[in-house]
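All chains, please: the whole structure from these sequences, using the hints.
One-letter residues, chain by chain:
2 protein chains.
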Amino acid sequence: MGFFYPDTMIKRNEYLSRLHSSYLFYEIAQRKQKFISENPGVDLLNLGIGDTTLPIPATVSEAMAEAAKKLGTPEGYSGYGPASGSEELRERISREIYRGRVDPDEIFISDGSKCDIGRLQTLFGPNAKIAVQDPTYPAYVDGSLIHGVCDISYMPCVPGNDFFPDLNHAKGSDLIYFCSPNNPTGNVASKQQLEALAAFAQKQQSIIIFDSAYSGFIQNSDLPRSIFEIPGAEKCAIETGSFSKLAGFTGVRLGWTVVPKELQYSDGSHVYPDWVRVVSTIFNGPSNVAQAGGLALLSPEGKKEAKSLISVYMAGARKLLHSLSGQGGEVYGGADCPYIWVRFPGQDSWKVFQNLLEECRIVTVPGAGFGPSGEGFVRFSAFAKPADIDRALINLTGLPSTVH
Amino acid sequence: MGFFYPDTMIKRNEYLSRLHSSYLFYEIAQRKQKFISENPGVDLLNLGIGDTTLPIPATVSEAMAEAAKKLGTPEGYSGYGPASGSEELRERISREIYRGRVDPDEIFISDGSKCDIGRLQTLFGPNAKIAVQDPTYPAYVDGSLIHGVCDISYMPCVPGNDFFPDLNHAKGSDLIYFCSPNNPTGNVASKQQLEALAAFAQKQQSIIIFDSAYSGFIQNSDLPRSIFEIPGAEKCAIETGSFSKLAGFTGVRLGWTVVPKELQYSDGSHVYPDWVRVVSTIFNGPSNVAQAGGLALLSPEGKKEAKSLISVYMAGARKLLHSLSGQGGEVYGGADCPYIWVRFPGQDSWKVFQNLLEECRIVTVPGAGFGPSGEGFVRFSAFAKPADIDRALINLTGLPSTVH
Numbered sequence: 096m097g098f099f100y101p102d103t104m105i106k107r108n109e110y111l112s113r114l115h116s117s118y119l120f121y122e123i124a125q126r127k128q129k130f131i132s133e134n135p136g137v138d139l140l141n142l143g144i145g146d147t148t149l150p151i152p153a154t155v156s157e158a159m160a161e162a163a164k165k166l167g168t169p170e171g172y173s174g175y176g177p178a179s180g181s182e183e184l185r186e187r188i189s190r191e192i193y194r195g196r197v198d199p200d201e202i203f204i205s206d207g208s209k210c211d212i213g214r215l216q217t218l219f220g221p222n223a224k225i226a227v228q229d230p231t232y233p234a235y236v237d238g239s240l241i242h243g244v245c246d247i248s249y250m251p252c253v254p255g256n257d258f259f260p261d262l263n264h265a266k267g268s269d270l271i272y273f274c275s276p277n278n279p280t281g282n283v284a285s286k287q288q289l290e291a292l293a294a295f296a297q298k299q300q301s302i303i304i305f306d307s308a309y310s311g312f313i314q315n316s317d318l319p320r321s322i323f324e325i326p327g328a329e330k331c332a333i334e335t336g337s338f339s340k341l342a343g344f345t346g347v348r349l350g351w352t353v354v355p356k357e358l359q360y361s362d363g364s365h366v367y368p369d370w371v372r373v374v375s376t377i378f379n380g381p382s383n384v385a386q387a388g389g390l391a392l393l394s395p396e397g398k399k400e401a402k403s404l405i406s407v408y409m410a411g412a413r414k415l416l417h418s419l420s421g422q423g424g425e426v427y428g429g430a431d432c433p434y435i436w437v438r439f440p441g442q443d444s445w446k447v448f449q450n451l452l453e454e455c456r457i458v459t460v461p462g463a464g465f466g467p468s469g470e471g472f473v474r475f476s477a478f479a480k481p482a483d484i485d486r487a488l489i490n491l492t493g494l495p496s497t498v499h
Numbered sequence: 096m097g098f099f100y101p102d103t104m105i106k107r108n109e110y111l112s113r114l115h116s117s118y119l120f121y122e123i124a125q126r127k128q129k130f131i132s133e134n135p136g137v138d139l140l141n142l143g144i145g146d147t148t149l150p151i152p153a154t155v156s157e158a159m160a161e162a163a164k165k166l167g168t169p170e171g172y173s174g175y176g177p178a179s180g181s182e183e184l185r186e187r188i189s190r191e192i193y194r195g196r197v198d199p200d201e202i203f204i205s206d207g208s209k210c211d212i213g214r215l216q217t218l219f220g221p222n223a224k225i226a227v228q229d230p231t232y233p234a235y236v237d238g239s240l241i242h243g244v245c246d247i248s249y250m251p252c253v254p255g256n257d258f259f260p261d262l263n264h265a266k267g268s269d270l271i272y273f274c275s276p277n278n279p280t281g282n283v284a285s286k287q288q289l290e291a292l293a294a295f296a297q298k299q300q301s302i303i304i305f306d307s308a309y310s311g312f313i314q315n316s317d318l319p320r321s322i323f324e325i326p327g328a329e330k331c332a333i334e335t336g337s338f339s340k341l342a343g344f345t346g347v348r349l350g351w352t353v354v355p356k357e358l359q360y361s362d363g364s365h366v367y368p369d370w371v372r373v374v375s376t377i378f379n380g381p382s383n384v385a386q387a388g389g390l391a392l393l394s395p396e397g398k399k400e401a402k403s404l405i406s407v408y409m410a411g412a413r414k415l416l417h418s419l420s421g422q423g424g425e426v427y428g429g430a431d432c433p434y435i436w437v438r439f440p441g442q443d444s445w446k447v448f449q450n451l452l453e454e455c456r457i458v459t460v461p462g463a464g465f466g467p468s469g470e471g472f473v474r475f476s477a478f479a480k481p482a483d484i485d486r487a488l489i490n491l492t493g494l495p496s497t498v499h
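Those protein sequences? They're chains A and B, same order as listed.
The first sequence: position 154 = 249 (our numbering), numbered continuously.
The second sequence: position 285 = 380 (our numbering), numbered continuously.
Source of the hints: derived by calculation from the structure; they are not laboratory data.
Don't take every hint at face value.
As the list makes no split between identical chains, a pair holds if one copy fits it or if it spans any two.
[Stated by the list, open to error] Calculated cross-link-like contacts (lysine-lysine; reagent style BS3-like; alpha-carbon spacing at most 30 Å):
#1 Lys106 x Lys480
#2 Lys129 x Lys298
#3 Lys298 x Lys127
#4 Lys129 x Lys266
#5 Lys224 x Lys402
#6 Lys402 x Lys164
#7 Lys164 x Lys356
#8 Lys446 x Lys414
Dropping the structure here:
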């Protein structure tokens, strides 16, 4: 009407208006960039986004190089692979990661957990009610909002409940997103806790979407690495997994999702064929070169190399944990997960983030970015380079009073 | 009620029930497998799914191998890249493919067109009305259905209109999916036709989603390779592009989408920031190794090699075209696109598909799988190995009467 003539008459998807204007890690990157451009030459220590910094194990990078070269030969060339990933890799994940607990057919290889989390919501549609841990990895909420979900319950995970939520907050939820080892708190659920979670889900007939991206970092062998270690989970859970943190695949892009064949909708029909349909329709399988890397990683030699990679990150986590606790801070995580969750009582976490950036030259992630219960906390990532962690420890020792 | 106790109370996304039970190419793979298992030892010639068969150019496979090896070194390692792809590759696509017509910032690198087509629908939501060419690449329709779209108009593209649709069939549509060179008909829209399409879209304020996956195969230099060759398209079009067919990247996974910064919704707000948000939320960028391949492909040497690859496929297309026309068939496409679209008047295309499979040992794609106007047609793909095309020509010469 009047003076305004739009170029198109197409409406914006109203679902998008429910999202914050930018994704958390994008926002942090912007703030970091701003600081760098205002302070040219400044040397920032990145303990923010959980991005891997150590080289990919030699066995793995060699296998990818060989796969790439093979694609350049008539004998070795291959085109489209199965949308659910190579048979061989599915078998190896079944054997090496799940010890046969899930069938190779139930494993779908993808270009990463985050992408699968986005696609999973297409199974349940906009009317599904979801519950998430609070604080939580933002992709669960944002990926659901994009698909029209608007009924979201938060289950606070705080020091007061040892970071395991009161499940009554998920009452009536169709889907329960659960991440262990947890991003951002660094906490790992015990077997008893996961049993309680599965029992709760079965009783109220919900589906758990279990994110096991950090399972490779669990040091304590009593702690469960997969929801499928819990009997009955095949009737109430989907699990996402990732090579990203396990061996530096953040840029290579490789993950997987387990959808048990037994899993049902309320009408008794199965979820499995729908997932086959979704991945073959709006996805086309992960890169064949990345898959060759995944296969090599799960070889005896690759596993050994990945283990030593993990031990380097976990040594950094222990150092951070020790240093930050030593200064009298309230510090969590870091034992079985490379994230340290530090409380700054009564403080605004974006302000603490900004102070750490300006005064310690350290990039972290403000807890509030992960949800309301993250307010007053900041996440430190031990995925930084070992030398950077050491330098961060020095900068933190002189932690200014505004921060600590 | 009664005797039935489901394991979960979660409802299936009702959107999924609108899909056929399986994706077209999945269905074809199943039929092919069934035939092979019933006829062990049989040697099938695959002219079905448009899957590349020639090795990736040496420059490209070497560059990917080098990138993979670099990831195994402390100096060469990198983690997460930008969700929209590497700056360098965006710049090179802008320069080499678009001759500067679109800005590097407007190019978003992805793991393939099909995946982007799935994500694009999240911009416009379930209420968008869409129009597609008929016959059409099934991912436009299926990807839209998954996101809840139910108002779909078909624009018949048949010999009678030289495969360019009467645009009035798209009256009232918000989105017009348009593929040129076309899959499956092999037809390429002229500059005048694309001008008419853009004028139509601008007049009724729609957005065109232009699929340019096969633009590299255009031989006639008068034909447009991108919708952005048409003035004003930046106000009414999004374009998807792909490395898949250009240089055998079907399994490597690399494509892109151009979202012009000028493009608006009906309220005058811009589409661009939403797309940034979507790719950074439910996607994480394509594999860094694949991106290194894309960069090498667009180098002077890579371009030369890709050109010779394309000329091999197009020589096969010409042979198929010649042989099939020579037998008096009604044959289309094949001149500027590696697909040949053959009419079998009055016949059921799935039956023709089955006959070609059983009697000529040739896998094709039944036209009906691409939409109602595909009935009576079959698509032959020239992406087969040259030797397989030659053998197919022999098998086709004795084309049994049930087929021809």
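Next on the checklist: Hint compliance check: list the failing hint numbers for this structure, sorted ascending.
Outcome noted: Of the numbered hints given earlier, those the structure breaks are 1, 2, 3, 4, 5 and 7, listed in rising order.
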